[in-house]
Amino acid sequence: MIKPTVHVRTPVQNTTHMLNRRLQLAAYGLLLLAVPSPGQTPDQALTLVTSEGRDQLQTVTLDGRRMVALDRLTGPFDLTISGERRENSLTLSRDDQVIVLTANEGLVSVDGQLVSLPSPPVEQNGAWYVPIDFIGRALPLVSDEPLELRRRSGLVVMGNIRVPQVVARYRRTGQQGRLGFMVTPAIEPTIEQQDDRFVITFDADALDLAPTNLTPDSLVVGLAADQNRPVVTVELGAEFGSYSSVVEPALGNAIELVIDLKPVAPPPPEPPRTTLQRPATPPPAAQPVPQAPAPSASPAPAGAPAPRPAEGDPDLPALSELAAPRAIRAIAIDPGHGGSDTGTSGPGGALEKDVTLEVARRLRNAIESQLGLRVVLTRTSDTNVALDERAAIANNNRADLFISLHVNASVRETATGAEVFYLSLAEYDDAARDLSALAAEPIPVVGGGSRILDIVPWEMAQLRYVEESARWASTVADELSLRLPMSPRGLQQAPFRVLVGANMPAALVELGFISNPDQEAQLTSPTFQTAIVNGLLRSIIRYRDEAARGFMAPMPLDPGTPETATPPGRLQ
Amino acid sequence: MKRELGIYLTLAVAAVAGAWLLFVGLPQWYAEPTADETAEPTGMATDGEFVEATLFYISDDGMQLVGFERRLRREPSLASQARRVVEAQLAEPPLPLLSPIPRGTRLHGLYLTDRGEAFVDLSEEVMLGHSGGSLEELFTVYAVVNAITVNLPTITAVQILVNGTEVDTLVGHVDLQNPLTGNMRLVADPDDAPTEGEDLAPLSTTPTTTS
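Protein sequences, first through last, are from chains A and B.
Per the working numbering, the first sequence starts with residue 1, numbered consecutively.
Per the working numbering, the second sequence starts with residue 1001, numbered consecutively.
Source of the hints: derived by calculation from the structure; they are not laboratory data.
Here a beta-carbon is modelled for each residue, glycine too, at the ideal position from N, C-alpha and C.
Misleading hints may appear alongside valid ones.
Unchecked claim - Partial pick of chain A residues on the chain B-facing surface, computed with a CB cut under 7 Å:
1. His406
2. Ala409
3. Ala415
4. Pro495
5. Phe496
6. Arg497
7. Val500
Could you put the whole structure together from the sequences, leaning on the hints where they help?
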């Protein structure tokens, strides 16, 4: 992009050159603020960022296209409009380099090279307008400094300066909220809380902050980049109480700043209780008074077995309670479909089985290299593997987490977004989900006594992990939502066969709708796949860490049920 | 000789009558009446001859099922009523409704157990004609399951068979090895999909008098 050029300036340019660069930019800024001609719609200006400072480049909308007047580019970019204007064409020069524009022609000649523009230049009342992409496509070829147009944030970055791209996401989960900032390239920010706001400062010259579709709530009211400093300000809501933050490395020379927000005061504690959990002790009223002489019409005969303690009540513990959280050492990744089972396909011909295998391979590499965990793939090539066999591979390899990767499709082309599923019991017929039928069985052991052995049909192995799977799926949905477009129902339950036999917490992810042409392009692009891998990697880290802490909070089993209480012992 | 001829003639007549009974009479008597099934009320008699049933189609955004009421002929038995409901659900809906069932799918048979389960035997088009996405597989399965369980509440669970045999899934996702109960979480809005006791009068095999 940087071209060695011989600087031979005209007397007029020499005069300008003597001015302080900042004053020069300010002068052009005044020019740019001029009222646009009739028939044009003024836009929000682009911001030109250089090592000297910032300035505004006013743009206008002509025929629905965002354009910039050519004479407003001449100053900041040292361009000269040629004295002789031919009909329908105009020549610009910068030093000894020449740019030739032709009205109503989408191709521009830049120093002998042809550059295409999204729309042709327009001549209107003697003034020439070019699409803003002219700045990013044509001008770098004649600039002796790096020059870049960042469309999303409306920045024009000139010179060797640091302007990291920052993508901010916010997600509310029950009482708590989570802010995520993906920073590329990796520049670690500092966070400071000033009254009712966070000031997040980056060691950079400017920030390329993508617009954020944040829905204000009681924890976060707004989020914006400072116009003049590399600072993001987060306005906090009335219920904000405290926060914790962590910076994690992400793939692609990026880092992620994650800020967990907690409400000011947790609601009054109530006993945690879900459908699969019982209170640790019975309510006091129901407790027998210890040592009290129990009036009894027929005293127990001598030698009779002692009465069972209270915790030995006839109803056996729920299966989910029997599955103690375990350390996460191995991950099973299931690339959906394969071989003659192509899965679904996109309008451009992309196949689900190829997308899932590619993402699975990337995820395996990332887990092995960054987390050092063992990874089991249920298929490593384009082969048919039966659904039950996939669960069996995970079981036989003693995987601690199972994730099945799929791609969705809809007859409606507009359908879009990722979805995360865990197994539902609700839709199974009573006989299949009758937990009492899967009760533990006392088996005599050598030396006397007995031992409780769980007898669970193989195909119902997942039943005991439904609560942990809900937590695992919820973590995956949380992390993906920071990076990918999600469907309106990002977390769901469904009776998916591949999950039924998994003897570990298991989730199935639909990464997006391949039937949507935009999503098809995303799902096959390395950038999008990297975002998926980052999300899943982060999910595994979070789940592993929370499992190691012993899961302080019970997980609601129904994704549609709002949280009714914040359990005691949950994060402050 | 004359007597033998008489016996032969009698046997022949009996054979013809038997064949007629077997191939023409019985099928005719047990055949489904070809009722006029229209999406809109036609103003035809409503004196217990027709019932309203909720059938399930794909929403405009493709992300949910939407329930629509359709008018079906009342049948004399639970099994035949369930068959009629499923056949209506399999049929191509009037525009702009979009069916979640692959085109050409037919109902081979429907069987009820005394446990309140229905086994619905569909033709192979339900697998071969499928787009392959899990969401649409959920829609296909639950359009059938919900159509039965919502409209005929005495049937509590439905298992789908394909060409008379059990299958793991239709296209690789939804477990069909067990009977499934209804799932209204996939259905757009309670107002669009009337539930029992509200806008929709659940179908019943017990005769009811309507005016």
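Structure-based check of each hint:
1. The beta carbon of histidine 406 of chain A comes within 6 Å of a beta carbon in chain B, closer than 7 Å, and the hint placing it at the interface holds.
2. Among the interface hints, the one on alanine 409 of chain A holds; its C-beta lies about 3 Å from the nearest C-beta in chain B, closer than the 7 Å criterion.
3. Residue-level restraint check for alanine 415 of chain A holds (minimum Cβ-Cβ distance to chain B is 4 Å; threshold 7 Å).
4. The restraint placing proline 495 of chain A at the interface with chain B holds, with a minimum CB-CB distance near 5 Å, inside the 7 Å limit.
5. With 7 Å as the threshold, the beta carbon of phenylalanine 496 of chain A comes within range of chain B, its nearest partner Cβ sitting at about 5 Å, so the hint holds.
6. Annotation: interface hint on arginine 497 of chain A holds; nearest CB of chain B at approximately 4 Å, less than 7 Å.
7. Interface hint at valine 500 of chain A: satisfied, since its Cβ lies 6 Å from the closest Cβ of chain B, which is below the 7 Å cut-off.
Hint violations for this structure: none, all hints satisfied.
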